Amino acid sequence: MKPASEPVIQSDEEVSVETREMKINMGPQHPSTHGVLRLVLDVDGEKVMKAESRVGYLHRGIEKLAEHGTYQQAITHIDRLDYISAITNEFAYCRTVEKLLGITVPERAEYIRTIVAEMQRISSHLLWLATHALDIGAMTVFLYTFRERETIMDLFEELTGARLNNNYMRIGGVSKDLSPFFIETLYKFCEEFPPHIEEYDTLIRENRIWYGRTKGVAVISAEEAVNWGLSGPTLRGSGVNWDVRKAEPYGVYDKVDWMVPLGEKGDVYDRYWIRVEELHQSNRIIQQCLDQLPDGPILVDHPKVVAPPKEKMNTEIESLIHQFKLVSEGIQVPQGEVYCATEVPKGELGFYAISDGRGRPYRLKIRAPSFVHLGAFNRLARDAYVADIIAIIGTIDIVLGESDR
Amino acid sequence: MADITLRQNEEAILEGLKDRLPDLAYTLERSCDQLALLVDKKDIVNVCATLKDLPAAKFDYLADLCGVDYLGKGETRYQVVYNLYSIPLNHRLRVKTNVGEDDCTVDSVSEIWKTANWHERELYDMFGINVVGHPDLRRILMPENWEGHPLRKDYPLKGKGQREDFSFVPENERQPTRKPEIESEDW
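Residue numbers (our numbering), protein chains in the order written: chain V, 2 to 406; chain B, 25 to 211.
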């Protein structure tokens with residue numbers, strides 16, 4: 002074996018390292034981009050000078066498709082916007098059409114909607130926490146959060162027949178009532194869940210590596226965050242006290258006791274903290290809703306909106322006609338237009354619907370939080386290093402199905 | 025329950041607008057308890073900047089910006105709609121402006137709200153409305169070499185033939201495919 006040669010120390014004159022800015026392509030097939038996001042990064046060494054996000058790889062023309070189907074048919078497409086929290090999308094859409102129709106949903110249906118929406122929020126935040134931590138390097142969290150997420154998925158399967166794209170809500174209520182088994186299991190889940198959140202906390206909440214990767218990364222001030230249109234936990238990380246559930250209450254959010262967690266610095270850590278706190282709050286909301294759950298119908302009694310039950314259809318000619326009209330022509334929505342915002346796990350999901358008095362939306366614009374958040378990506382990536390890009394993709398909590406529509 | 029309309033601030037806002045922009049002509053529309061302000065295209069930037077600035081309005085948040093195609097329904101073909109929200113005052117307002125087919129442009133509001141940047145790119149992509157003063161007007165959801173603007177009402181749902189050659193297999197090697205015998209008007 003040769004002896005290790007003496008290190009040769011070169012003088013500054015001899016070394017000539019050429020530096021130049023580089024363009025790096027990241028995605029659309031990249032495990033950390035959570036879908037088909039493509040980023041074009043201008044880097045100077047490790048430093049990111051510009052991060053341009055390119056979207057559209059998952060564009061399916063949902064707005065165009067919605068114009069060509071009845072109001073009920075659009076629900077199936079709406080499910081596939083933010084495909085990991087389908088029920089909250091349906092909730093947002095059904096509320097919009099109900100506003101256009103001017104109908105109110107029975108109380109029990111409102112409670113059920115709130116319960117399932119909060120369950121979906123928990124499952125979405127759990128998936129976010131798992132992948133966000135995994136991307137940054139804390140792999141264990143993934144294994145724990147998916148255990149709890151599985152319980153929720155199983156409950157959804159029991160209730161709706163599907164785990165992801167549920168197609169559960171109807172215009173005027175929900176399609177199926179909660180079973181005693183569902184309520185019992187959910188109660189049990191709510192009791193066991195807070196200790197589980199503490200389990201995740203022990204892994205990363207005060208972890209030095211986690212601190213190093215998240216604190217002071219992608220800082221955005223409150224004023225700028227509002228100007229860039231950020232919403233949901235991404236906005237509240239900067240300390241803006243705005244939650245659609247509090248500002249314009251829907252469902253039964255004004256009948257239960259819960260809080261809006263707020264960040265201070267507007268960095269990746271604060272946004273992480275907020276989503277974990279929201280898990281606690283969602284859990285509280287579900288528990289209170291289950292306690293208060295009233296009896297009653299789950300669909301509005303309105304033959305021009307909701308199809309009559311099967312028994313009536315088989316015995317009454319009038320019900321049969323209603324059913325026929327609903328299926329063939331769709332719900333006849335009076336002329337008008339409405340913008341309706343809903344707090345989904347990612348932020349503000351808005352539907353701007355215009356009706357020309359027929360059974361199909363004349364125009365349905367979907368204001369997707371992921372799209373808006375990606376628009377602010379270059380701003381968030383200011384002063385970031387290449388490794389931070391992964392943390393930033395995680396912290397804005399995007400789903401490309403929603404962004405590209 | 026917080027109402028998402030702005031009845032309580034409505035008069036103050038309209039008075040403030042009249043104060044700052046005395047020559048402004050507008051029409052008020054109300055639908056589903058939500059107020060919309062229809063203004064002329066040339067005033068849109070001024071109106072938006074004033075609405076953001078007015079103490080009674082404080083529309084600091086542009087929730088949404090989109091186009092609508094009223095083909096064969098109105099005098100002007102397109103309408104651009106701005107859905108504004110005020111976080112401190114918790115109210116919403118819709119601002120609309122008509123855009124004709126011959127002068128298919130609208131001024132950019134991305135100086136006022138940064139978030140308008142991507143919304144306006146989508147407006148251009150989907151409706152072909154040119155946004156004057158936009159820093160980076162390119163297609164956003166459709167490929168850059170795409171022809172046509174998909175959300176226009178005269179754009180068919182099945183596309184303009186782009187999908188007919190959407191295959192990795194060369195045309196002469198393809199298996200014959202069945203085509204639907206009936207072509208409905210809509211599909």
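What the hints contain is simulated information worked out from the structure, not anything from laboratory work.
In this text, all values refer to a predicted model and were calculated from it rather than measured experimentally.
Don't be surprised by glycine CBs; every beta carbon is placed ideally from N, CA and C.
The reader is advised that the hints may include incorrect statements.
Claimed, not checked - Just a sample of chain V residues kept apart from chain B, beta carbon distances all over 10 Å, derived:
no.	residue
1	ARG21
2	ASP202
3	GLY230
4	LYS311
Stated by the list, open to error - Below, simulated DSSO-like cross-link-like pairs (lysine-lysine); rule was C-alpha separation at most 27 Å, straight line:
no.	chain 1	residue 1	chain 2	residue 2
5	V	LYS189	V	LYS100
6	B	LYS66	V	LYS51
7	B	LYS66	B	LYS182
8	V	LYS266	B	LYS66
Said to hold, decoys possible - Beyond 10 Å from chain B on every Cβ pair, some chain V residues (computed):
no.	residue
9	MET50
10	VAL56
11	GLY62
12	LEU66
13	GLU151
14	ASN166
15	TYR212
16	VAL220
17	LYS305
18	GLY376
19	TYR386
Task: Assertion that ASN166/V lies farther than 10 Å from chain B (Cβ) - done: ASN166/V clear of chain B: closest Cβ-Cβ about 21 Å, beyond 10 Å.
- [ ] Starting from LYS266/V, check that the Cα of LYS66/B is at most 27 Å away, please.
- [x] With a Cα-Cα distance of about 40 Å, the restraint between LYS266/V and LYS66/B is violated, given a limit of 27 Å.
Open item on the list: If I take the minimum Cβ distance from MET50/V to any residue of chain B, is it greater than 10 Å?
Closed with: At about 16 Å from chain B, MET50/V clears the 10 Å cut-off, so the statement holds.
TODO: Determine whether the non-interface label on TYR212/V survives the test: each CB of chain B must be over 10 Å from its CB.
DONE: 30 Å, holds
Open item on the list: If I take the minimum Cβ distance from TYR386/V to any residue of chain B, is it greater than 10 Å?
Closed with: It holds; TYR386/V is separated from chain B by about 23 Å at its closest Cβ, greater than 10 Å.
- [ ] With 10 Å as the threshold, tell me whether ARG21/V passes as away from chain B on beta-carbon distances.
- [x] 24 Å, holds
Open item on the list: So LYS311/V supposedly isn't at the interface. Is its beta-carbon more than 10 Å from every beta-carbon in chain B?
Closed with: The claim holds: LYS311/V sits with its nearest Cβ about 29 Å from chain B, beyond 10 Å.
Open item on the list: The output says VAL56/V does not contact chain B. Does that hold with a beta carbon cutoff of 10 Å?
Closed with: VAL56/V not clear of chain B: closest Cβ-Cβ about 7 Å, inside 10 Å.
TODO: Examine each Cβ of chain B, and state whether all of them lie more than 10 Å from the Cβ of VAL220/V.
DONE: Given a closest Cβ separation of 16 Å, the condition holds.
TODO: Just double-check LEU66/V for me: nearest Cβ-Cβ distance to chain B has to come out over 10 Å.
DONE: 7 Å, violated
Task: Given as non-interface: GLY376/V, which should sit over 10 Å from chain B by C-beta - done: 4 Å, violated
- [ ] Would you check whether the claim that ASP202/V is not at the interface survives, using Cβ distances to chain B and the 10 Å cut-off?
- [x] Holds, since 30 Å exceeds 10 Å.
Checked against the numbered hints listed earlier, the structure breaks hints 3, 5, 6, 7, 8, 10, 11, 12, 18; every other hint is satisfied.
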